[in-house]
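Asker: One letter stands for each residue in the lines below.
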Amino acid sequence: MNADEIVDPADARSDQVRRFLLHVGVPIFGVVLVVAVIGGIGLHSYRSIRSGALALTHDLLVSEQNYIAQEVGDYLGPATAGTVIARDMLEHGSQTAIIKIFNSYGGSMLRHVPQVHSFYLADSDGHFDLIERDPKGKGLETTQLTGEGAGAQFVHQFHDEKGEVLRNESNPTGDYDPRTRDWFRGATESGKLYWSAPYLITQTGQMIITASIAYQGQDGRRFVFAVNLSMNELTNFLDSLQIGKSGHALILDQDGHLLAGRHMLDVAKKANWDPAKMVLDPTTYPVLAQAFDVYRVQGYGPHSIRNRKRNFVTMAAPLPSTAKKWVLILVAPESDFANFAMVDGRQNLMFSLLIVALAAVLGALLFRQGRRTDRVSAELEGLRAVSGRESQMLRTVASYPALFDPTDEALILTRGLAEMASARRASVWRLMHDGATLLCVDSYDSRHDAHSGGFELSRNDLQAFFDLVAHGDAITVPDAGADERTVSFHRLFMRAFGSRSLFLVPILGASGPVGMITLEDAPRAGLVSHFVAMIAGIVAARFSAQHYSAVAAAAEELAAPPAEEAEHSLGDGFLIPPGSTRHDGQGGVVEGLFPAVAVMVITFADIITSSRADPARIIALVEALAVQLQTVARDYGLYSIKMLGHRLVCVAGCSHTPDPGAAERMANAALVMREASLSILSRADLDPVFRMGIDVGPVFGGLLGEDPKVFNLWGDAIGMAEMMAQGAPDVGTIQVSEEVYQVLRGRFLFRERGRFFVPHAGMTRTYVLAGRR
Amino acid sequence: MAQDGPVLDIRAAQPSFDESGMAPVPVDLRLMPGDCAVIECRDFARATLFADLCSGMIALASGSVRFMGLDWTELGDRQLYALRGRIGRITRRGSWLDLFGTHQNIILQQLHHTTRPTDDVVADAMRLGMAFGFPGLPLTGPGRLSAADLARAACVRAFLGRPDLLVLEDISDMLPPDATVAFLEAITAARDRGAAVMWFARHAATWADYRPAVNVHLRLLDEGLFPVRGV
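So the protein lines, in turn, are chains C and S. Take 1 as the starting number for the first sequence in the numbering used here and just add one per residue. Take 774 as the starting number for the second sequence in the numbering used here and just add one per residue.
I should point out that these hints are in silico values taken from the structure, not numbers from a laboratory. Glycine included, each C-beta is placed from N, C-alpha and C at the ideal position. Do not rely on the hints blindly, as some may be mistaken.
Here are a few chain C residues that sit away from chain S, every Cβ distance over 10 angstroms (derived from the structure) [unchecked claim]:
| # | residue |
| --- | --- |
| 1 | 22 |
| 2 | 71 |
| 3 | 108 |
| 4 | 175 |
| 5 | 253 |
| 6 | 270 |
| 7 | 305 |
| 8 | 339 |
| 9 | 386 |
| 10 | 399 |
| 11 | 456 |
| 12 | 623 |
Chain C regions said to be covered by chain S (calculated; three or more residues, Cβ under 8 angstroms) [stated by the list, open to error]:
| # | stretch |
| --- | --- |
| 13 | 722–729 |
| 14 | 757–770 |
Turn these sequences into a full structure, and let the hints steer you where they fit.
Answerer: This is the structure in structure tokens:
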């Protein structure tokens, strides 16, 4: 693989994706599996615990309901049993003592049964008796309806605790007739124990229901005996019940009217003391209202409902011993009962999370281990490859026939070093002159695949570096320019090459170091140090075999070149000497910077100059060409034409102030010169193998040297014109730069060639000069 | 870098006719480092197909095409593309992206396949560009270059970098004669470096100047690849 290639095609097909999936996917899948299993188990156990808890809750609610039913039965018992007993007593008792029996029975009941509010006794003639507790004292109050019509009055008699009469009061009845009352009519019509609808006594805020029963008196009158029961006691009882932590119990009738339960008073006030309006308001009792709805749809029994993201258990049960089919509704949040299941589940979840975390850690460890194994196996693979390459390279080096031949350069050594260590440059140096100089015997540049040598370093300049070599240890310097031992070596040898790190191995002979091997920018140098050491051994053997013969050869190479032959003084190469064509005769050589010189370069291709044709004919042709060009130059007043081998440099406008006509003169001359050259070449039956390039720009000029003084021009415009000539699109074409085009586009015809990136000039357009407008 | 085996080794490769349209005859060819094979072929399309075959772009019914010792059919995509990065190719059909300037078309493959610094690549491209007769590196889009300039650019693109195999289809009808010297120089330099060259020519005149340096001379016909002897 080339050092700068990104992908090595010889690599095995990459299974990176598969491996990554294996390394990441398996642990992740494992963790997900553990999470799923734990989650599943947790959910299952939560569900089973919850259902168990709910079953338990239902049992609990059933027993609670039984208890309440019992309590309500007991509560209403005095009404059901007491009414029947009282009826029998009154029916069979002496007719004259009816009131007395009524009063004594009622008084006794009122004193002993707290939920009893009052008793009524009325007959079909409109008589009415009432016994109740004295609202102001601890005794009793009896009320009798006396008189008829407008004179009818309630006569109240107040008794103390012992039954002594305290006082009498009376007040008009206001047309009160017991026979019109619901409890009277209901009892007489049904003939059985009749339960009236509950009603409110506004003054006391008490909810009352009345149980009444009718009987036939001995004198033929129909009597109705009624007992009023206060529901307040029931409400207090329901309030005091503990159902779970925050459960409620309510008693409702079939139409949803509230009979007893929590906040009874609030509901009554809201309904304006009208029992018909005392229904469950879904805004006040959302859960209870829902529970009642569920009961109405699904009937009696336990139900689960969900309200405001909370689960509730409810129970709807019939209450015994009431004719009106009252419903007992029990509601309690599920959490009150199943909370332990939630807590248990949460605890389980925490434990599960702990296990998941552990599993994740294990997964990560597995992943890391997998990656590490991968890396290590890759490293092993790399080492195996290195050792394989090493042995191959050693074989190559060993099989080099002239390895120990002192006259052979054995270039394989540096190349092998550079290849093995992936070095940019590998060099072999020899210590000469008793250690005073280091001579580069061979240096291999791997990027350009080129060998060089003969570089010499002197101890005077590089004391620290020579000491380093003399020390005899291999060293690695990551930044040779920053290390004081190698800084001067870096400056002299490495900086121009552009290398940074240095790996140095001294070559040890019999009596100490005899040279060194340097590897520059060699990332794998550390891996192949023993290979370098082996090469160092080979080099040491070669050095001792060379007996300085190679050194002598190198010295010869380094010697100064022989003096060249004395030049023939044949003028300074001007076809038109500078300034000789000026019309004013004031020509001559000027010096300095000329801001806008038009330069044209004409190159004749090698084919004509190296033509196999008759030399005399060629010379005659060139002569004719030169004469023709001189003529044109004079005609158009060019400043000079200089010949350089097979190139011609024509210059116009060589003055310190910009000459506006120079470019135009040059372009005109170019067109004429092209035509002349084309015709001369075609007459000689030769291809038009010349190209022309023009540029306008600043140029330096001056007379240089002493004897002879030579006029020379140099600057960007010269280089650019030459580039234009060399890069002209076709033979016989004139390529001009953008500057020339800008100056001349009004007067000449140009064809754009395109945009180019040109060295030193950057982005520019070039044009082909086609002719005059 | 020294390459021991053949650069290109085509062994009884029989192209799949259904997919390529090439005649299903087995082809054998082996190019060692430094070899220059001139393949005379009158039909441009046939030459292009054969060049595709060498580049591993034609499905084979049997046989194998190995480049640098690697069988094209056995490589994964990444390796395949990287290996193709080692081929310098002049294509008859152009293969230019008009979205970019010509300069980008030229240096793209080096930027894609290697870690060479861009400046380095640009300098290299500019050197080649000037050798082939550009004033520098052409920035204009390929669609707006003249045919001759496009042929020059194709040469620059093919010789840029250090390709191990040069597959040069015949563009001699478009390449100006003055660029021929640079072309032959570039071929010689590449061969000296250890590259193998496969040069498709339509006429014998195209490569007459280089005849002494050519060591493999073949003729590509519909019936297969035949060596030309005793020329």
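Asker: Each hint: holds or not?
Answerer: Do the hints match the structure? See the list:
1. Under the 10 angstroms C-beta cut-off, the non-interface status given to residue 22 (chain C) relative to chain S holds; the minimum distance is some 18 angstroms.
2. With 10 angstroms as the threshold on Cβ separation, the claim that residue 71 (chain C) sits away from chain S holds: the shortest Cβ distance comes to roughly 86 angstroms.
3. At roughly 108 angstroms, the least C-beta separation between residue 108 (chain C) and chain S is larger than 10 angstroms, which holds for a residue marked as non-interface.
4. No beta-carbon of chain S is positioned within 10 angstroms of the beta-carbon of residue 175 (chain C); the least distance is around 109 angstroms.
5. Taking the minimum C-beta to C-beta distance to chain S, about 83 angstroms, the non-interface status of residue 253 (chain C) holds against the 10 angstroms cut.
6. For residue 270 (chain C), the non-interface assignment is confirmed: its Cβ lies about 81 angstroms from the closest Cβ of chain S, beyond the 10 angstroms cut-off.
7. Consistency note on residue 305 (chain C): stated as away from chain S, and its beta-carbon is indeed over 10 angstroms from all of that chain's, at 63 angstroms minimum.
8. Annotated as non-interface, residue 339 (chain C) keeps its C-beta farther than 10 angstroms from every C-beta of chain S; the closest such distance is 61 angstroms.
9. A cut-off of 10 angstroms between C-beta atoms confirms that residue 386 (chain C) is not in contact with chain S; the least separation is 16 angstroms.
10. Distance check on residue 399 (chain C): its Cβ is at least 12 angstroms (rounded) from any Cβ of chain S, clearing the 10 angstroms threshold; non-interface status holds.
11. With a least beta-carbon separation of about 29 angstroms from chain S, residue 456 (chain C) lies farther than 10 angstroms from that chain, consistent with its non-interface assignment.
12. Separation of residue 623 (chain C) from chain S is adequate, the least Cβ-Cβ distance of about 24 angstroms exceeding the 10 angstroms criterion.
13. Look at the stretch 722–729 of chain C against chain S: 6 of its residues bring a Cβ nearer than 8 angstroms to a Cβ of that chain, three or more, so the hint holds.
14. Using a Cβ-Cβ cut-off of 8 angstroms, 7 residues of the stretch 757–770 of chain C lie near chain S, which meets the minimum of three, so the contact claim holds.
Violated hints for the displayed structure: none, as all numbered hints are satisfied.
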